[in-house]
Amino acid sequence: MHNIRIGIIGVGNCASSLVQGINYYRHKDSEDAIGLMHWEIGGYKPCDIEVVSAFDIDKRKVGKDTAEAIFAEPNCTTVFYKDVRKIGIRVRMGKIMDGFSEHMRDYDDKYTFVLADEPEPDMGEVVRVLKESGTEILLNYLPVGSEEATRFYAECALEAGVAFVNNMPVFIASDPAWAKRFEEKNIPIIGDDIKAQLGATITHRTLTDLFKKRGVKLERTYQLNTGGNTDFLNMLNRIRLLSKKESKTEAVQSVAAKRLDDGAHEPGVAPFSGGFPQFRRYCH
Amino acid sequence: MNLELRLSVEDSPNSAGIVIDAIRCGKLALDRSEGGVLNGPSAYFMKHPARQYTDDEAYRMTEAFINETWGKKPDEMLDYRRRQRQQAVAEG
Ligand SMILES: NC(=O)c1ccc[n+]([C@@H]2O[C@H](COP(=O)([O-])OP(=O)(O)OC[C@H]3O[C@@H](n4cnc5c(N)ncnc54)[C@H](O)[C@@H]3O)[C@@H](O)[C@H]2O)c1
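Line by line, the protein sequences give chains A and B.
Count along the first sequence from 1, add 1122, and you get the number used in our numbering.
Count along the second sequence from 1, add 292, and you get the number used in our numbering.
No lab work stands behind these hints: they were computed from the structure.
Among these hints, one or two may not hold up.
Among the chain B residues that face chain A by a calculated CB cut under 10 angstroms, a handful are [claimed, not checked]:
{"hint": "1", "residue": "LEU299"}
{"hint": "2", "residue": "SER304"}
{"hint": "3", "residue": "ASN306"}
{"hint": "4", "residue": "VAL329"}
{"hint": "5", "residue": "SER334"}
{"hint": "6", "residue": "TYR351"}
{"hint": "7", "residue": "ARG352"}
{"hint": "8", "residue": "MET353"}
{"hint": "9", "residue": "ALA356"}
{"hint": "10", "residue": "ARG377"}
No residue lacks a Cβ here, since even glycine has one placed at the ideal position from N, Cα and C.
In isolation and in its complexed conformation, chain A is listed as follows (with noise of 0.2 angstroms):
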């Protein structure tokens, strides 16, 4: 049983956090693995997984080897396993598209992205490079509102012939025609939008459920997301938002006795940063 070898669009905090997780998995057991469903999925412990190729389009982090590229700024999350041991997969220079909005350049450099100037590759060169490196699944983690980018990595998947894990909210396994492409070149797709293992949406979802059991009429309830990450300073680019917000309405109003009228659910994110620990993210 060989490992399992994935690629990474978007070397970002999550990605950064999936890789320092393999490699602090491989100093554990499963007595004191935290964090997963089960230490060993179908023989699969969580270190039998390897970055083969990974993508993106800031300056600091192309060229790079993926051990490094999970350090460079803007990532700033924690940084709970500092020696990752390098792998010898540079990452490579993504296709721009819609990955990148405007007001990002607003910012200051260690807070944005920076556009590495490098040619981008078409979709050729994308699936190629998925082929040669032995890529058998593809994990999304472009920011939100990266619609035109996501359908073009979902398509290199599709081409390529390659698993698609998409961990953000553009839809794509929940679209019926990005679904019906997958299942007749029967190639697995999960998707869309990560649940954390225990964030706002699990735990919002928890508790009207709970309600709904325990007979309580759920009138109004609203979540509000406040962060200081560039996932956050990304979305405050509102037209960005919207499909964010559906798939957390929806994530909660599914799990409602009755649904809830408009407005009577509003997830919100409010303004980046003002003072707040630059990586975490407040829910109310």
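Dock chain B with the ligand against chain A, hints included.
Chain B with the ligand in isolation, oriented as in the chain A frame:
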């Protein structure tokens, strides 16, 4: 009744373990030549799956997906569990 809850978390590590589980489910599907949307894992790991289930249901579906008992009839499942136990005993 009025409930206010304040949750403070760090986002990115909070998703990493879930992605590690999702990757391994994706790999299982590849090993079994299963394609298309993986409904159980999507409902359990993702906020916006093709079809929403409660988290309890989604958890059960994902467990069944992992153990290859999804879609099997109850007697087939019993048989499957029996075989698994026998195998575990044989392997010590
Ligand atoms: N718990 C969580 O953190 C969580 C939960 C659900 C969804 N998500 C989603 O996951 C995604 C990633 O989150 P993050 O915190 O890592 O974001 P991030 O801003 O830290 O990372 C995004 C990365 O994508 C890169 N990028 C932008 N355009 C690109 C392109 N066209 N091609 C290749 N790379 C490109 C950026 O340079 C950056 O490195 C976001 O959409 C977020 O909403 C995160």
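Consistency of the hints with the structure:
{"no.": "1", "hint": "LEU299", "result": "holds (5 angstroms)"}
{"no.": "2", "hint": "SER304", "result": "holds (4 angstroms)"}
{"no.": "3", "hint": "ASN306", "result": "holds (4 angstroms)"}
{"no.": "4", "hint": "VAL329", "result": "holds (5 angstroms)"}
{"no.": "5", "hint": "SER334", "result": "holds (5 angstroms)"}
{"no.": "6", "hint": "TYR351", "result": "holds (8 angstroms)"}
{"no.": "7", "hint": "ARG352", "result": "violated (12 angstroms)"}
{"no.": "8", "hint": "MET353", "result": "violated (12 angstroms)"}
{"no.": "9", "hint": "ALA356", "result": "violated (13 angstroms)"}
{"no.": "10", "hint": "ARG377", "result": "violated (17 angstroms)"}
In summary, the structure is inconsistent with hints 7, 8, 9, 10 from the numbered list given earlier, while agreeing with the others.
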